[in-house]
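Peer 1: One line per chain: the protein sequences are A and B, in this order. Here the first sequence is numbered in our numbering, starting from 395 and rising by one per residue. Here the second sequence is numbered in our numbering, starting from 31 and rising by one per residue.
Hints listed in this document are in silico derivations from the structure and should not be mistaken for laboratory results. Idealized CB from N, CA, C, for every residue including glycine. Misleading hints may appear alongside valid ones.
Stated by the list, open to error - The calculated lysine to aspartate or glutamate pairs, modelled on EDC-like cross-linking and capped at a C-alpha distance of 16 Å, are: (1) B/K85 with A/E471; (2) B/K235 with A/D686; (3) A/K758 with A/E717; (4) A/K758 with A/E696; (5) B/K269 with B/D184; (6) B/K269 with B/D256; (7) B/K162 with B/E142; (8) A/K744 with A/E471; (9) B/K269 with B/E254; (10) B/K93 with A/E471; (11) B/K85 with A/D527; (12) B/K162 with B/E149; (13) A/K748 with A/E696; (14) A/K758 with A/D686; (15) A/K744 with B/E392.
Stated by the list, open to error - Estimated spans, in silico, between C-beta atoms of each pair: (16) A/S472 with B/P76: 20 to 28 Å; (17) A/P551 with B/T237: 38 to 46 Å; (18) B/P243 with A/D558: 41 to 49 Å; (19) B/A352 with A/D750: 17 to 25 Å; (20) B/K145 with A/E471: 46 to 54 Å; (21) A/S552 with B/E238: 53 to 61 Å; (22) A/P770 with B/K85: 53 to 61 Å; (23) B/G87 with A/D460: 21 to 29 Å.
As the list claims (entries may be wrong) - Covered stretches of chain B (chain A as the covering partner; in silico rule of three or more C-beta atoms under 8 Å from a C-beta of chain A): (24) 230-236; (25) 378-384.
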Amino acid sequence: MSAPRSARSERMHARHSLIVAFGTLAAMSWLGTGTLAHKPITSPFTFYEDVLPITAIQCGACHAPDGVAPMSLLSHESAVPWGESMRLELVAGHMPPWASIAPQDRFRDTRRLSARELNVLLTWAAGGTPPGDAPKAIAAEPRGWPLGAPHQILALPSLDLPADVARTIKEWVLPLQAIAGRRLAGVDLRPGTASVVRNARISTRRPGAAGSERIIALWVPGDQPTLLPAGAGWTIEAGSELVVRVSYRKRWDREREPATDSSTLGLYFSDGAGAEAVAMTARAGDGGNAPDTRTASLTVAEPVEAVALWPEPAVAGATVRIESVTPAGARAHLATLAPRQDWERRYWLKQPLKLDAGTQLEVKATWPASAQPPPPGTILVGVDTLATH
Amino acid sequence: MTAERLTFAATTALYAVAVCCVLVADVQAQKPAPPPLLPPLVQTCPMHPDIVETKPGTCPLCKMNLVAARLDAAWMCPLHAAVIESAPGSCRLCARTLVPVTVSLAWTCRGEVNKEHLEPGLCTDGSPRITKRTLRPHGNHNPQHGGQFFMAPDNWHHLEGTYPVAGRFRMFVYDDYARALNLAALGQISGRLVAEERYDPATRKTTELRVYPLRVSKDGTYLEADPGHRAWPSRLTAKVTLKKGEPEHRFDFTFAAATVDPTAPAPRQARAGRSNPTPTRAAAPAAPAAAAVETPAVATIELPPAAPTPTTIPEIVDAIRAKHAEIGALVEKGDFSAIWVPAFQAKDLALALEPHLAHLLENSRAAAEPALFRLVQGAWRLDAVGDTGNRAEVELAYRLFGEAMADVSAAFRTQ
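The task is simple: from the sequences and hints, build the whole structure.
Peer 2: Structure representation (structure tokens):
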């Protein structure tokens, strides 16, 4: 964590002082007034007038007083010490946590600031973090079920995090025999204690059946849950169980306090007899790769529509480029992603992508020099498809 | 001449023009000039001057009560730090051009200089209070010896690389007030100068081919190395560990010509021969000595003609492209600390395009919105990495900025 009101802010003061002086003097030459402005706080944007309207919408799901993020961005007092961190995270593109680099209009529910919003936040963070004149905190709205009331709610076992345990990962297994034969359209998670539930990987599997795992949901805080297209679903086979792998971590300011979580799952069933969702995965090849690169490809066996894709945790930190190559050799850029550790999520395509039989999806993941790529055979990317025949 | 100096020169010139205009306007109106406005009060920590708040409270670092201060822009002599003026101009001691700095402003009385007031007024003896300007941390990012000035990633150390004669490198190290470190502090810094290196993408390893240790100079005021000289521009990388046990930092310096130190005695023709020292390991011949000493530290100021403010989409896009080219030229010559000026100008141009998004077709708008975001982000990134002096990071930021600019251009030109 960088020091609040860091050196950066001072340097920006110096720069902006010149800019302000430049602009002021230029204005003076036009207006002929005899005053000289001084402006040690260089940001024309204030927290309550300009910043809060952005953070309340874009950041408030996590950056709330009891949210999972390390600080609230809903009050000037709580946001100011983190101004320099905000600048670093925004310039680096780490926040909001959205891995899609290009094309950014490929996916639904993008978590992205506009150019103006980004500039407002950065100018405020680097320019003295002024509070503004109308301080009023906006409380984050409690998160209900964004998709509406679930068809079925399952409670996860309660978890106690004692004072001396800051983080843990739990894998909860819930039987599904009561709903065998039904088809899932999606699953959402509602944290019991929002400040400790970091992410969850929700899948079904049949015990003893290798390769039977199907990822139903990849949950991260603040995400917009999404269902499969109408009619499509994952059929719950007899003997299946729901596996919920949850990462719990206390906030830095509450690490020494005991915590308890009792999260719940909301199950949404498909009401039609549409296509079955099938996942395809691309595994890293075992040769011919540069030291900083892993490539993978998969071939579409039958005509499908791709509806979503997800980078596996193994590619966190890498830049992942995905292209499709038709049997005729036409190559198209599907997406470039820069996934981050602990932000494993599914990216839903705005428009389903038709893939003919024989089409190849090629994945190239490139790591920075400081990172070690995973071994050959590791799954890099998964793609959710629906059969079209 | 660096762009920063050009900006400063332009600011200076505009200041003069503006003041003249103001004076003329005031004379014409036959009104008395109003008293100058004071900088507004802010609250700072006595122990952590980086902390600047707008309201009273306690320091978030040490919980001490904040104290009131007035921060202001001022102009300081690069040689005589005691000369800090309220306006651009020349040093009253040596006539050198003053450089912009950030100061805290206060008023004192004779005999009680440690007692500071936040307003001008009269002392107990009836004399007017004396204006006192004190340099703020990071208030001075100007090179003090005519070289290239970077800030270390620890946000405290500052480094200035100079190339006083072909083949000789000096690195001055300062604290957050741009005060030169003393010998004891300088001795804790270790590093080397890399004049040539090669990166092998197959092994992802960099091999340093010509390396020279950075040693404390005889007079204990800077670190130095003699890498020899091959060609202009001379690109040299200082790899420095500022404190034992801390990570090594990289600073890339580019010298188009030998540095002329404004604080040094005026160069004499008789010294020209010293610009060609015996290279320690250099294979190539040194540049002509005359070229080294004839390059002035501050060239003649030639202000560019004022460009009309772009208003239409094609004009704005062209203006962004021009700024991109400006940045590219600065990157090429290693003038990283000046990049923020055209970068921020490009950012403001990009923001001026945002209202035009509504005029684009849906497909173009879908591409233009994220491209504008990336352009603004890229400008801020250039601003951030430009100070650090790491060429690889600057070039990466410039490439990303260029990609965003190309996307913006394409999106707005296919409307």
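Peer 1: Take the hints in turn and mark each one as holding or not.
Peer 2: Against the structure, the hints:
1. Simply put, B/K85 and A/E471 have alpha-carbon atoms about 11 Å apart, close enough for the 16 Å limit, and the pair holds.
2. A C-alpha spacing of about 11 Å is found between B/K235 and A/D686, which places the hinted pair at or below 16 Å, so the restraint holds.
3. Only pairs whose Cα atoms come within 16 Å are accepted, and A/K758 paired with A/E717 is accepted, the gap being roughly 9 Å.
4. Between A/K758 and A/E696 the CA atoms are separated by roughly 23 Å; this puts the pair beyond 16 Å, and the hint is violated.
5. For a cut-off of 16 Å, the pair hint linking B/K269 to B/D184 stands: about 14 Å separates their Cα positions.
6. Taken as a hint, the B/K269 and B/D256 pair is honoured in the structure, with Cα atoms around 15 Å apart against an allowance of 16 Å.
7. Restraint check for B/K162 and B/E142: the C-alpha separation of about 12 Å stays at or below 16 Å, so the hint holds.
8. For the proposed pair A/K744 and A/E471, the alpha carbon gap of about 39 Å is over 16 Å, so the pair is violated.
9. A distance of roughly 13 Å separates the Cα atoms of B/K269 and B/E254; the hinted pair therefore holds under the 16 Å criterion.
10. With a C-alpha separation of about 14 Å, the suggested pairing of B/K93 with A/E471 holds against the 16 Å cut-off.
11. Of the pairs offered as hints, the one joining B/K85 and A/D527 holds, with about 12 Å between alpha carbons and a cut-off of 16 Å not exceeded.
12. A hinted pair counts as satisfied when its Cα atoms are at most 16 Å apart, and B/K162 with B/E149 qualifies at roughly 11 Å.
13. For the hint linking A/K748 to A/E696, the alpha-carbon distance of about 11 Å falls within 16 Å, and the restraint holds.
14. Taken as a hint, the A/K758 and A/D686 pair is honoured in the structure, with Cα atoms around 10 Å apart against an allowance of 16 Å.
15. Of the pairs offered as hints, the one joining A/K744 and B/E392 holds, with about 14 Å between alpha carbons and a cut-off of 16 Å not exceeded.
16. Our hint of 20 to 28 Å for A/S472 and B/P76 holds, since their Cβ atoms are close to 24 Å apart.
17. Roughly 56 Å separates the CB atoms of A/P551 and B/T237, a value that falls outside the hinted 38 to 46 Å.
18. Range check, B/P243 to A/D558: Cβ separation about 48 Å, and the 41 to 49 Å hint holds.
19. Against the hinted window of 17 to 25 Å, the Cβ-Cβ separation of B/A352 and A/D750 comes to about 45 Å, which falls outside the hint.
20. For the pair B/K145 and A/E471, the supplied restraint of 46 to 54 Å is violated, since their beta-carbon distance comes to about 33 Å.
21. Checked against the given bound of 53 to 61 Å, the beta carbons of A/S552 and B/E238, roughly 57 Å apart, stay inside it.
22. At roughly 59 Å, the beta carbons of A/P770 and B/K85 sit within the given window of 53 to 61 Å.
23. The hint said 21 to 29 Å for the Cβ distance between B/G87 and A/D460, and at roughly 24 Å that hint holds.
24. Here the stretch 230-236 of chain B counts 4 residues with a CB under 8 Å from a CB of chain A, which clears the bar of 3, and the coverage holds.
25. Under a criterion of three residues with beta carbons nearer than 8 Å to beta carbons of chain A, the stated coverage of the stretch 378-384 of chain B is upheld, 3 such residues being counted.
When the structure is compared with the earlier hints, violations turn up for hints 4, 8, 17, 19 and 20 and for no others.
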